[in-house]
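Peer 1: Chains as they are written, first to last, in this note's numbering: chain A, 1 to 560; chain B, 561 to 791; chain C, 792 to 986.
Incorrect hints may appear among the rest.
Mimicking BS3-like on lysine-lysine, the simulated pairs with C-alpha atoms at most 25 Å apart in a straight line are [stated by the list, open to error]: (1) B:609 - A:510; (2) B:622 - B:612; (3) A:510 - A:15; (4) A:421 - B:622; (5) B:622 - A:510.
Rather than coming from a laboratory, the hints here were simulated on the basis of the structure.
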Amino acid sequence: MYHMQTGHAVGFWRKYVFSTDHKVIGLQYMITGLFMAILGGFLAYAFRMQLAYPNEAVPLFGQVGPDVYNAMVTMHGTIMLFWVAQPILVSGFGNYLVPLQLGAEDMCFPRLNMLSYWTFLVSTVLLVASFFVPGGAMGGGWTGYPPLNARMDYTGVDWGGTLWILALALEFAAALMSGINVLSTTLNMRTKGMTLFRMPLFVWMQNAANLIFMFSVGPLIAGALMLLADRTLQTGFFIPAQGGDPLLWQHLFWFFGHPEVYVLLLPALGILTEVIPTFARKPIFGYRMIVYSVVAAGVLSFIVWAHHQFVSGINPQLAVAFSLTTIMISVPFAVIIFSFLATLWRASIEYKVAMLFALGMLAEFLIGGVTGIHLASTSTDIYLHDTYFVVAHFHYTMFPVTFFGMFAGIYYWFPKMFGRKMNEGLGWIHFLVTFVAFNVIFIPLFAFGLAGHQRRIYDPSLWENLVPYQHLHVIATAATIVLLLGQIPFVFNFFWSMKKGRKAERNPWKSNTLEWDTPSPPGHGNFEAAPVVYRWPYEYSAPDREEDYRPQWLAPEAKP
Amino acid sequence: MLQWLPENIASYGAQYDAVFANIYYIVGAWFLAAELFLFFCIFAFGRRKGRKAGYLPGHSWKAMSWVLIPAVVILGFDLAIDHQQVPMWRAIKEKQPPADQTVTVKGKQFVWDITHPGADGKLGTEDDKQTMNQLYVPVDKVIHLNLEAEDVIHSFFIPNLRFKQDVVPGRSIKGWFKAVKTGQYKISCAELCGVGHGNMGGWIHVLSEQDYQKWLRGEEITTSRLDKDSL
Amino acid sequence: MSTAATATLDRYESPSVATGRMGMWWVLASEIVIFGGAVVCYLLYRWHHPEWAESAVHTNELIGVINTVVLLTSSLTIVLAHDAAHHGDAARAKRLMGFTILLGLAFLCFKAYEYSHEVAAGFTPVKNLFWSFYYFLTGLHALHIVAGLIAIATVMRGVGRRENMQRVEYVGIYWHFVDVVWIFLFPLLYLAPKF
Ligand code: HEM
Ligand SMILES: [Cu+2]
Ligand SMILES: [Cu+2]
Chain A
1 MYHMQTGHAV GFWRKYVFST DHKVIGLQYM ITGLFMAILG GFLAYAFRMQ LAYPNEAVPL
61 FGQVGPDVYN AMVTMHGTIM LFWVAQPILV SGFGNYLVPL QLGAEDMCFP RLNMLSYWTF
121 LVSTVLLVAS FFVPGGAMGG GWTGYPPLNA RMDYTGVDWG GTLWILALAL EFAAALMSGI
181 NVLSTTLNMR TKGMTLFRMP LFVWMQNAAN LIFMFSVGPL IAGALMLLAD RTLQTGFFIP
241 AQGGDPLLWQ HLFWFFGHPE VYVLLLPALG ILTEVIPTFA RKPIFGYRMI VYSVVAAGVL
301 SFIVWAHHQF VSGINPQLAV AFSLTTIMIS VPFAVIIFSF LATLWRASIE YKVAMLFALG
361 MLAEFLIGGV TGIHLASTST DIYLHDTYFV VAHFHYTMFP VTFFGMFAGI YYWFPKMFGR
421 KMNEGLGWIH FLVTFVAFNV IFIPLFAFGL AGHQRRIYDP SLWENLVPYQ HLHVIATAAT
481 IVLLLGQIPF VFNFFWSMKK GRKAERNPWK SNTLEWDTPS PPGHGNFEAA PVVYRWPYEY
541 SAPDREEDYR PQWLAPEAKP
Chain B
561 MLQWLPENIA SYGAQYDAVF ANIYYIVGAW FLAAELFLFF CIFAFGRRKG RKAGYLPGHS
621 WKAMSWVLIP AVVILGFDLA IDHQQVPMWR AIKEKQPPAD QTVTVKGKQF VWDITHPGAD
681 GKLGTEDDKQ TMNQLYVPVD KVIHLNLEAE DVIHSFFIPN LRFKQDVVPG RSIKGWFKAV
741 KTGQYKISCA ELCGVGHGNM GGWIHVLSEQ DYQKWLRGEE ITTSRLDKDS L
Chain C
792 MSTAATATLD RYESPSVATG RMGMWWVLAS EIVIFGGAVV CYLLYRWHHP EWAESAVHTN
852 ELIGVINTVV LLTSSLTIVL AHDAAHHGDA ARAKRLMGFT ILLGLAFLCF KAYEYSHEVA
912 AGFTPVKNLF WSFYYFLTGL HALHIVAGLI AIATVMRGVG RRENMQRVEY VGIYWHFVDV
972 VWIFLFPLLY LAPKF
């Protein structure tokens with residue numbers, strides 16, 4: 001079997017493995033991300049079982065001790081953010097769609113793009129390898145706080161922590177390379193007629209995300225090198241006894257960490273800006289207003305970081321200032337959310353699965369948003385900081401963004417990517433199970449946080465003040481299992497539809513943006529002829545036209 | 561939701577929980593309004609034969625005001641929330657009422673080392689009383705804490721007092737509280753500090769004046785959990 | 792090779808900056824925040840530790856000055872190389888890039904000499920935080936020198952074949968950046984602490 005293919009080997013490797021085609025690279029990023037999602041989800045299953053039944057071995061995993069628990073939680077967080085959300089939403093969808101939506105043939109640095117993916121793959125290998133080194137994987141929290149993580153003795157984690165830092169550094173480098181491509185391509189490779197304010201909002205969001213990433217990650221890269229030196233050479237950058245300051249790390253980390261949540265959020269909102277108008281058959285409401293809101297939020301995102309440090313020992317007056325900026329940043333996001341709501345007003349909604357996930361993301365993200373106010377308010381944060389309230393809050397932001405956003409994108413662009421449609425019935429089941437189970441996991445965790453449940457403890461049954469509420473953990477764990485099982489229809493649907501799904505024409509959803517002017521799937525070079533753009537991308541249900549959409553590439557009809 | 565908060569025994573407790581409730585109701589109202597609108601649209605504007613969607617690109621200021629005005633109102637509410645909550649924060653973290661007594665709490669992997677002043681009421685003297693994970697305080701007295709750490713960052717968390725402060729090696733951070741109800745309440749560590757983080761905790765014993773004097777003299781007190789040394 | 796970059800120019804909305812140059816600017820933007828973050832950390836610590844002046848006395852400012860001159864000269868040669876490439880004089884461009892590489896190597900040799908003497912005198916990276924920062928900042932910079940040298944050598948090979956002459960400019964931009972970083976590091980590490 002194997003040697004039979006060697007005749008095609010060169011073609012195959014160039015085409016699907018060492019490819020410089022932005023579409024292949026985008027898919028590589030996505031598929032790698034999806035694999036890591038299985039790992040991240042499995043970890044969530046294992047430690048949720050431990051939380052619900054602390055003294056029993058976890059089926060399919062085994063006994064969970066405190067060291068293993070810490071490692072699992074840390075790796076779960078790290079993987080979900082940097083090996084699932086970021087590669088799928090930013091590098092994956094970004095790579096696949098930005099050149100298509102701009103009407104370009106490829107990214108402007110295709111080989112840099114390939115280097116980006118392979119760097120990312122190496123980082124993935126390093127991260128996964130870190131589970132198997134002596135001392136186990138990193139167990140010091142996804143935030144990597146020193147002094148805990150600056151000396152091996154404090155955690156007992158040896159190589160795991162060092163590999164964790166190296167893997168992150170490589171992942172950042174890969175994301176930077178991919179970002180440079182998105183930014184340059186957007187500036188230099190817009191097809192004729194594609195002015196900046198005719199770009200789909202998805203492209204705007206991708207660019208904003210990559211810019212924010214680029215300008216926030218630098219100091220953390222410097223800090224990560226310092227932490228690495230502390231771990232391996234015993235320097236004292238973050239060790240007070242040697243003159244270092246542990247709080248400096250927190251500043252470096254959150255100067256990146258907060259903008260990073262927007263790096264993940266914006267591409268997901270970008271997916272919604274394409275999916276919602278298409279299935280609402282209505283223009284997005286307030287295009288420019290959304291662009292300006294994104295810019296405002298991007299700028300503000302650099303001056304809110306210390307809201308993660310209200311009780312960390314920073315100057316209390318500083319905390320008040322950061323509380324104010326944090327509260328301000330809710331305004332641009334309110335504008336964006338309201339714009340989506342206004343887009344739905346008097347719409348003509350098609351309940352396709354992509355639309356369901358998009359609407360689901362809106363509905364869930366709102367909960368994440370409003371619970372953030374309790375955390376942005378300094379005084380209430382005293383109590384809530386580092387409790388399960390925070391865990392529930394950020395999962396209500398990050399889960400909808402990562403998974404609802406991603407699923408909306410996959411169901412929507414699948415016909416473009418593989419030339420076939422996914423099955424809607426299975427999709428509905430997938431959506432309903434995911435939607436319900438997700439809420440049943442995390443609503444109880446809000447309550448548990450209010451009851452005073454601190455984060456990152458491996459055995460709640462040791463805590464008399466928590467024991468009365470143990471049933472909440474059981475509920476959340478049961479729902480986790482349901483949620484994970486609920487992904488089976490998706491996985492099946494994905495692979496089955498690739499081979500057997502209904503054939504999709506070029507523009508199955510009757511959308512306006514340029515990627516729908518290519519064959520499904522698009523060949524190398526994307527367009528059969530260079531497209532020309534005549535209008536903005538959201539011309540749905542225009543009163544002067546019978547059809548309810550008017551693509552960007554359609555030449556204006558001659559006026560009688 | 562708010563009934564999940566544990567009993568509040570801090571002198572500023574009622575006020576504190578009021579801030580909580582206030583935010584809760586404001587954002588709760590916004591949340592309900594937004595979700596109701598969303599679900600209304602989802603169900604009311606489904607695709608129907610013969611009906612075309614409206615064409616509302618929202619390009620004009622007039623149209624945009626439908627979005628901008630609510631956003632400004634939100635900003636107003638946000639500022640009002642902050643205005644109301646900041647004094648609470650100041651009262652807890654910035655202004656400290658004069659101390660009746662000062663206790664040193666030192667976090668280290670994985671215990672709270674607690675130094676109480678002895679009968680002389682001063683720290684750093686012969687009769688200081690040292691305990692592990694057990695904090696003894698008289699009721700209705702302003703207690704100041706010197707919060708310190710020996711190795712890594714921990715976080716001193718007493719849910720019933722709504723008290724939390726990270727302890728950072730190399731620094732001594734001041735905190736205060738006044739407990740208004742006797743009893744034993746849980747102390748935990750809220751910042752990941754290593755493998756023993758999930759076991760790091762203790763009890764605060766809020767004692768009546770007589771009991772506190774007895775404890776100082778080393779006599780038996782008739783409360784139940786006093787011999788519990790670990791968690 | 793890169794089909795897209797060389798595609799017919801009027802295929803796209805008028806590009807503002809040459810694509811390669813723009814890519815380089817983005818690389819520099821990413822690098823600036825990395826070095827910026829590192830230097831700001833150093834400055835913050837320096838502020839709180841006036842006693843670092845005592846350690847800083849032991850840096851070798853003579854070599855620091857020599858290295859500054861070496862790097863500035865190398866910036867000059869790369870500018871000249873760009874100029875030559877611009878006028879299509881590949882041989883001259885190649886020669887000047889060769890000079891630049893030699894100067895970069897000289898910088899590294901001086902730096903290595905300096906490190907070895909410092910370590911021999913007991914000023915290792917773990918001596919105290921000043922020295923940790925010294926090795927961290929100069930080491931990070933030296934790595935960028937190495938990367939720059941590799942990039943220049945790669946471009947030089949292409950120039951020999953008269954390919955991609957525009958890339959001389961792009962590596963030149965990068966090399967200037969590395970130079971400018973040194974112009975910041977030199978006073979901050981070698982000079983300022985002494986006064
Ligand atoms: C399968 C669904 C998921 C479940 C059941 C789940 C559950 C949890 C729980 C219970 C914790 C807290 C553990 C503890 O503090 O002891 C946690 C931590 C965390 N989760 Fe998830 N999660 C899920 C998906 C996600 C996603 C999609 C993301 C982000 C994109 C994410 C990011 C994180 C992060 C960053 C942490 C903090 C890790 C740390 O404390 O160092 N999780 N997760
Ligand atoms: Cu934040
Ligand atoms: Cu702890």
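Peer 1: Compare the structure with each hint and give your call.
Peer 2: Structure-based check of each hint:
In summary, the hint linking residue 609 (chain B) to residue 510 (chain A) is supported, as the alpha carbons are separated by about 17 Å, within the 25 Å threshold. Distance hint between residue 622 (chain B) and residue 612 (chain B) is fulfilled; the C-alpha atoms sit about 23 Å from each other, no more than 25 Å. Among the hinted pairs, residue 510 (chain A) with residue 15 (chain A) is inconsistent with the structure: their alpha-carbon atoms are about 30 Å apart, more than 25 Å. Under the criterion of a C-alpha separation no larger than 25 Å, the hint pairing residue 421 (chain A) with residue 622 (chain B) is inconsistent with the structure, at around 40 Å.
Pair hint residue 622 (chain B) plus residue 510 (chain A) does not hold up; C-alpha atoms about 30 Å apart against a cutoff of 25 Å.
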